[in-house]
Amino acid sequence: MMNIINFLYNFLQYLLLTQKQPFHLSLIPTLVDGACTIGIDLEWKPTMVAPAGELALLQLAKEDKVFLIDVLSLANSHHLWGQFAHVFLNNHDILKIGFAMGADSAMLAQCFPIDFAFRMSGLGFLDLSSLWNKLVKDYNFEFPYEANESCSSCSLSQLVALCIGKPLNKREQFSNWETRPLRLTQKVYAALDAYCLIEVYQVIKRLCSERNIPLDDIVQDMMTRTEQGKAKKSKTSKKSKEAIRHRSIATEAKKMKLVCEPSLASMATILRRHGIDTALAELQDIADVAELENRIALSSSWPFKTISEQLPKDKCYLVRSCASTDQYREVIRQLYIIVKPEDIFTRCQACNSDHVTMINKKTVEDWFRQKGTSKTTNCVPAGYSDNEFTDSEEDDYYSLSPRECPDSVKNGSHCYPTTTTGVIVRLDLVIEEQVKSANLICLCEKCGRVFWQTETK
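Going by UniProt numbering, the sequence shown wraps up at 457, each residue one higher than the last.
Since the hints were made in silico from the structure, they are not lab data.
Misleading hints may appear alongside valid ones.
[What the hints assert, rightly or not] Simulated restraints on C-beta separations:
hint, residue 1, residue 2, range
1, K305, H92, 25 to 31 Å
2, S209, N91, 21 to 27 Å
3, L429, G82, 52 to 58 Å
4, C351, E432, 19 to 25 Å
[To be verified] No more than 30 Å apart at the CA atoms, straight line, and that leaves these computed lysine-lysine pairs for DSSO-like:
hint, residue 1, residue 2
5, K305, K257
6, K313, K340
7, K170, K446
8, K205, K134
9, K205, K62
10, K446, K137
11, K254, K315
12, K254, K313
13, K446, K255
14, K315, K137
15, K170, K205
16, K255, K305
17, K257, K340
18, K340, K361
19, K362, K446
20, K134, K170
21, K170, K257
22, K166, K446
23, K340, K255
In this text, a Cβ means the ideal position worked out from N, Cα and C, and glycines have one as well.
Please work from the sequences and hints to get the whole structure.
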């Protein structure tokens, strides 16, 4: 495997294509000439920056080059985009590889004229998320590396970890992609998002060849079925597109499985507090998570159209309320979820783990006493931070691996409590005075968070 970071630093500065540079879209067919496989990805403003995001960057990757196309600069060059679509996107001889391509396709259709709109599916397009699902389900496919607990189970970062051994670094994902000039870290992130698709596909090809799995036939069948599906879908009535309005069959909280897009994170916390398995997923991953993990996808207004186009009508629900508590009540009522008192605090509100242990006040008091202080500030030992990364850790990429507990904490003079899984208990987030009056306290063994319910008089 090439030294991808060095490769990117050497090539990115002159492969950012804009109107102001001699390279432009009309030269793309020449630049990708001879390539049979191209990784393709898009970047736009994240959910929290602007509800109606504008496409900012298009990334194309081949084995020896990555092209970053400045869409903002070229947005009005309709003749170039038309040529680009005709010569490259509609060329069935070039396999365009993406991941969860439904969101990317919807964004292209939103940002360009109707005569350019198309769907990134069918002949010439391979969605690695769908291929991953099919190989695991139909061929009991095993990857060379273990799943990474820090990644969403159906995300691209998880697939990279399974194939390469290290997850993607996603820290630049929610940066502002419309700001110019792009930072070098943004360029590297964008290029990696497209280039990793090539590497992942190469790993899958090699493993399929070694195991006599007919990958070429599988890919061809997937593309053909998608093409036929598009024709059928165009004849489907609008009524069949309606999502869940009200479920008539009750489901116990502990048996319900949901997945929320980022704007519903506050509601997800409340759902978890009431024992409901609620995953959070990036917008481009939510449909795949819902399908692979048999979850119902919850979405707010503007992302719903994109999500509902990728899922059956009984697998998605549009949350109409605004406040998180109102959203929770709406979901419980409309999805007919039965929450019992014994469901409360059976799931971690932070990480969604069900590995939760009830603890008593004396245990918490002993923890503070062992630390040698009852203050809640500066409780995290020196050298341990959830938000800072050292230069040496950056070398671990494709992305950052979960940080281990520092030796100074394990063996130092101060005794910092840990969970049964070796994770530091997050006493820095515990309000000691409130815990003293709590009637229910629990500890997440996976992430070390402590939650409590205060007695009401």
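- [ ] Could you tell me which of the numbered hints above are not met by this structure, giving the numbers in increasing order?
- [x] none
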